[in-house]
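Taking the hints into account, I'd like the entire structure generated from these sequences.
Single-letter residue listing:
Number of protein chains: 2
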Amino acid sequence: MKRGSRLLREAGFRWIGVEAGEYKPKGSDFFLTTKQILLGLGDRSAGLSFETRYLEIQPGGYSTLEKHAHAHAVVVLRGHGRVILDQEICELSPLDCLYVAPGCIHQFHATGDEALGFLCIVDRNRDRPRSPSPRELDRLRSDTRVAALMKTSTDRRP
Amino acid sequence: MKRGSRLLREAGFRWIGVEAGEYKPKGSDFFLTTKQILLGLGDRSAGLSFETRYLEIQPGGYSTLEKHAHAHAVVVLRGHGRVILDQEICELSPLDCLYVAPGCIHQFHATGDEALGFLCIVDRNRDRPRSPSPRELDRLRSDTRVAALMKTSTDRRP
Chain A
2 MKRGSRLLRE
12 AGFRWIGVEA
22 GEYKPKGSDF
32 FLTTKQILLG
42 LGDRSAGLSF
52 ETRYLEIQPG
62 GYSTLEKHAH
72 AHAVVVLRGH
82 GRVILDQEIC
92 ELSPLDCLYV
102 APGCIHQFHA
112 TGDEALGFLC
122 IVDRNRDRPR
132 SPSPRELDRL
142 RSDTRVAALM
152 KTSTDRRP
Chain B
2 MKRGSRLLRE
12 AGFRWIGVEA
22 GEYKPKGSDF
32 FLTTKQILLG
42 LGDRSAGLSF
52 ETRYLEIQPG
62 GYSTLEKHAH
72 AHAVVVLRGH
82 GRVILDQEIC
92 ELSPLDCLYV
102 APGCIHQFHA
112 TGDEALGFLC
122 IVDRNRDRPR
132 SPSPRELDRL
142 RSDTRVAALM
152 KTSTDRRP
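Protein sequence lines, in the order shown, are assigned to chains A and B.
Going by the numbering used here, the first sequence opens with residue 2, and the numbers climb by one from there.
Going by the numbering used here, the second sequence opens with residue 2, and the numbers climb by one from there.
I should point out that these hints are in silico values taken from the structure, not numbers from a laboratory.
Incorrect hints may appear among the rest.
As the list claims (entries may be wrong) - Computed Cβ-Cβ distance ranges for the label pairs, DEER-style:
hint: 1; chain 1: A; residue 1: Ala-21; chain 2: B; residue 2: Phe-14; range: 22 to 30 Å
hint: 2; chain 1: A; residue 1: Glu-89; chain 2: B; residue 2: Pro-26; range: 32 to 40 Å
hint: 3; chain 1: A; residue 1: Arg-10; chain 2: B; residue 2: Ala-149; range: 18 to 26 Å
hint: 4; chain 1: B; residue 1: Ala-149; chain 2: A; residue 2: Arg-45; range: 28 to 36 Å
hint: 5; chain 1: A; residue 1: Thr-112; chain 2: B; residue 2: Asp-144; range: 45 to 53 Å
hint: 6; chain 1: B; residue 1: Gly-61; chain 2: A; residue 2: Ala-70; range: 39 to 47 Å
hint: 7; chain 1: A; residue 1: Ala-21; chain 2: B; residue 2: Ile-17; range: 29 to 37 Å
The beta carbon of each residue, even a glycine, is placed where N, CA and C say it ideally should be.
Put into structure tokens, the structure is as follows:
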């Protein structure tokens, strides 16, 4: 294809030619979550200043509880879930679109019997995620619904 | 919701609180195409350097034949279509992911009985699309398949 345009075909929420890898390095606190970087990584889509990633969380799984200075644009493609956004919890269904603002502590959870899959678009150049501080964790836990849902490294499953 | 995060709920490929407007200003050469800017416009998602838009083309419709220096990241959400990418034509189906490289002349067409709907993500700050030059149009028309599919201002429907 001229000038470097290219098409990635999908089959069963896997994109051909894209590796479905670990969501984060080992040791990070997540569960049953994988990531495919569809576009915006490396030289093959060098014209993009942002990454288009597909994250998938199996039933019962969750992403890291974290915050960072960059924002997320999220569009749900499959399944159902809940997301912690500071002290709020939002239900997620297919095609819901979410803005995660800079500095917002967030964590995605898959609920129901199907995987929760969503596009998560971020700046290519961005800061590293950080864990909430002990004080921030205490504040989150002051809400009983958030306390019941959130998972931290001390809750890690066997 | 704290710190400005927010959720846009979807219903029938319309996002609540998002205007479904014209795809381009009047006089541009498109047909049966609408646009919703989900995130990245204005102050309410100021942390994003890119816009997440949803474009929808009704059966028989098409987007503008154009090129620009910025790239597109596209993820198909519904329907079927074809896209011209310089002198190539690619078939599009739900969840296919497309990189439109800088400078690539492109045009989306809805085929089949359902609307073609896709996310199209672009830099918030970007150059304006331009029409292909007469020489570029001649080059495109030298491919009979492209010539049969492409629509320009001289092909505009009544």
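Each hint, compared with the structure:
1. A hinted range of 22 to 30 Å holds for the C-beta pair Ala-21 (chain A) and Phe-14 (chain B), which are about 27 Å apart.
2. The hinted range of 32 to 40 Å is satisfied by Glu-89 (chain A) and Pro-26 (chain B), whose Cβ atoms lie roughly 38 Å apart.
3. Taken as a hint, the range 18 to 26 Å holds for the pair Arg-10 (chain A) and Ala-149 (chain B), whose Cβ atoms sit roughly 24 Å apart.
4. Checking the proposed 28 to 36 Å range against Ala-149 (chain B) and Arg-45 (chain A) shows it holds: the Cβ atoms sit about 30 Å from each other.
5. A hinted range of 45 to 53 Å holds for the C-beta pair Thr-112 (chain A) and Asp-144 (chain B), which are about 49 Å apart.
6. Under the hint 39 to 47 Å, the C-beta atoms of Gly-61 (chain B) and Ala-70 (chain A), about 45 Å apart, fit the expected range.
7. The supplied range of 29 to 37 Å is met by Ala-21 (chain A) and Ile-17 (chain B), whose beta-carbon atoms lie about 32 Å from each other.
Of the numbered hints given earlier, the model fails none.
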